[in-house]
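> Okay, here's what each chain looks like letter by letter:
2 protein chains.
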Amino acid sequence: MTEKQTIGQWLDTLASKAPVPGGGGASALAGALAAALGRMVANLTVGKKRYADVEQEMQAALAVLAALQEELSGLADEDARVFAPLAAAYGLPSQTEEEKARKDKVMEENLLAASLVPLKITERALEVLRLLEGLEEKGSRMAVSDVGVGAQMARAAAAGAVMNVYINTKSMKNREQAELLNARAEAAVRESEHLADRIYGRVLEKLR
Amino acid sequence: MTEKQTIGQWLDTLASKAPVPGGGGASALAGALAAALGRMVANLTVGKKRYADVEQEMQAALAVLAALQEELSGLADEDARVFAPLAAAYGLPSQTEEEKARKDKVMEENLLAASLVPLKITERALEVLRLLEGLEEKGSRMAVSDVGVGAQMARAAAAGAVMNVYINTKSMKNREQAELLNARAEAAVRESEHLADRIYGRVLEKLR
Chain A
138 MTEKQTIGQW
148 LDTLASKAPV
158 PGGGGASALA
168 GALAAALGRM
178 VANLTVGKKR
188 YADVEQEMQA
198 ALAVLAALQE
208 ELSGLADEDA
218 RVFAPLAAAY
228 GLPSQTEEEK
238 ARKDKVMEEN
248 LLAASLVPLK
258 ITERALEVLR
268 LLEGLEEKGS
278 RMAVSDVGVG
288 AQMARAAAAG
298 AVMNVYINTK
308 SMKNREQAEL
318 LNARAEAAVR
328 ESEHLADRIY
338 GRVLEKLR
Chain B
138 MTEKQTIGQW
148 LDTLASKAPV
158 PGGGGASALA
168 GALAAALGRM
178 VANLTVGKKR
188 YADVEQEMQA
198 ALAVLAALQE
208 ELSGLADEDA
218 RVFAPLAAAY
228 GLPSQTEEEK
238 ARKDKVMEEN
248 LLAASLVPLK
258 ITERALEVLR
268 LLEGLEEKGS
278 RMAVSDVGVG
288 AQMARAAAAG
298 AVMNVYINTK
308 SMKNREQAEL
318 LNARAEAAVR
328 ESEHLADRIY
338 GRVLEKLR
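Protein chains in written order, with this note's numbering: chain A, 138 to 345; chain B, 138 to 345.
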């Protein structure tokens, strides 16, 4: 499990030839980093007199970000879990018509599973960004740069994961489903980049 | 030490009110993730007949990326280490002229140290990107999406860390030095964003 490994171990397995973790897992982890940074900012805001009027909003953000952090860490594991059956499906025999039909079916199922995980990473990263936008506006001024870093991490998570959607949908036979998944992924990544750049720009303005 | 902690522990300390790790540490970690992804791509390229003519370049990239990954992980620790003396300096008395002069001197030294660490993170992230560019062009086609994820991580590392340069140089009395540091940071982050976007665009083209 990703969360139980040391950072050194995880980085070195990432760096190795081993198929997982790879770019999908790294994207999920960047998303978890973004959520954790958002929690940090909310934690530095709650209970402060100066920010009393946003207390409830900050408490709500804390709860949602904790759930998103956990989900994104879990998606790093999930991304690793869907890899092996997909790799196995690529190796299925396809000599006879029957084998071919069976391989197609198994491939299609596993390609779908392997597309849905990075799509979820992208969409969750976008949710983190929506919360970061509120934190930039109303959270502790002292921690505004951490909102900016969080925005960069979430942007990288979304733009990183989306490539694994495209890789897997590319091989799908059901083109209608593939195009739907691509469209969902593209919308999420475009909004993430836009939102992250807006948040980051505002943070830079405050720092100057 | 960052590398010895579990990912779960590190994320939860990041999420807490504790001053470190914060955005600087998260940026350093994103840089280490980028370097590890680059190593993964190079590891999947070396020893392959198809890529025999880039073997030496890949071996060289492996060595440099391993060093960069280690340095970036270490910069997460370094970023935490320079925080305490800076926080202590902010609390020094400044009633008498003598106290004021001493505080100014100690502040200036610690602001410089606290600026140099994120500046180094940004510059190292740029070095990772320069290697990723070669990996995109010449590394294993099978792992090209991992180059794209690495580019996103390095971009986030550079753009994330640079804010901590600006925060610290802002309070420096030696404006000439502050402006020099800002200019170096800005050049590195601009080049990083440009390079990352170019690499990512090329990867997307290959995936389609």
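Everything labelled a hint here was simulated from the structure, so no lab data went into it. Treat the hints loosely; a few may be bogus.
Since the list gives no way to pick one copy over another, a pair counts as held whenever it fits inside one copy or between any two copies.
In silico DSS-like pairs for lysine-lysine, Cα to Cα no more than 25 Å straight-line [said to hold, decoys possible]:
{"id": "1", "residue 1": "LYS307", "residue 2": "LYS242"}
{"id": "2", "residue 1": "LYS185", "residue 2": "LYS343"}
{"id": "3", "residue 1": "LYS307", "residue 2": "LYS240"}
{"id": "4", "residue 1": "LYS310", "residue 2": "LYS237"}
{"id": "5", "residue 1": "LYS154", "residue 2": "LYS141"}
{"id": "6", "residue 1": "LYS185", "residue 2": "LYS242"}
{"id": "7", "residue 1": "LYS343", "residue 2": "LYS141"}
{"id": "8", "residue 1": "LYS154", "residue 2": "LYS185"}
{"id": "9", "residue 1": "LYS343", "residue 2": "LYS307"}
{"id": "10", "residue 1": "LYS310", "residue 2": "LYS343"}
{"id": "11", "residue 1": "LYS275", "residue 2": "LYS242"}
{"id": "12", "residue 1": "LYS185", "residue 2": "LYS310"}
> Each hint: holds or not?
Here is how each hint holds up against the structure:
For the homomeric pair LYS307 and LYS242, the shortest alpha-carbon distance inside one copy (15 Å) is at most 25 Å, but the shortest distance between copies (60 Å) is not. Taking the shortest Cα distances, LYS185 and LYS343 sit within 25 Å of each other inside one copy (20 Å), while across copies they are farther apart (50 Å). Taking the closest pair of Cα atoms, LYS307 and LYS240 come within 25 Å of each other only inside a single copy of the chain (16 Å); across copies the shortest separation is 61 Å, beyond that limit. Taking CA atoms no more than 25 Å apart as the test, LYS310 paired with LYS237 passes inside one copy only; the shortest distance there is 13 Å, against 73 Å between copies.
For the homomeric pair LYS154 and LYS141, the shortest alpha-carbon distances inside one copy (21 Å) and between copies (22 Å) are both at most 25 Å. Proximity of LYS185 and LYS242 under a CA criterion of 25 Å is satisfied in neither setting, with 57 Å inside one chain copy and 32 Å between copies. Neither within a single protomer nor between protomers do LYS343 and LYS141 lie at most 25 Å apart by alpha-carbon distance, with minima of 37 Å and 35 Å respectively. For the identical chains of this complex, LYS154 and LYS185 are inter-copy neighbours only, at 13 Å across copies versus 49 Å inside a copy, given an alpha-carbon limit of 25 Å.
Taking identical chains as interchangeable, the C-alpha atoms of LYS343 and LYS307 lie at most 25 Å apart only when they sit on different chains, with a minimum of 12 Å there against 43 Å within one chain. Proximity of LYS310 and LYS343 under a CA criterion of 25 Å is satisfied inter-copy only: 20 Å between copies versus 50 Å inside one chain copy. Taking the shortest Cα distances, LYS275 and LYS242 never come within 25 Å of each other, neither inside one copy (50 Å) nor across copies (34 Å). With identical chains, the CA atoms of LYS185 and LYS310 are never at most 25 Å apart, being 56 Å at best within one copy and 31 Å at best between copies.
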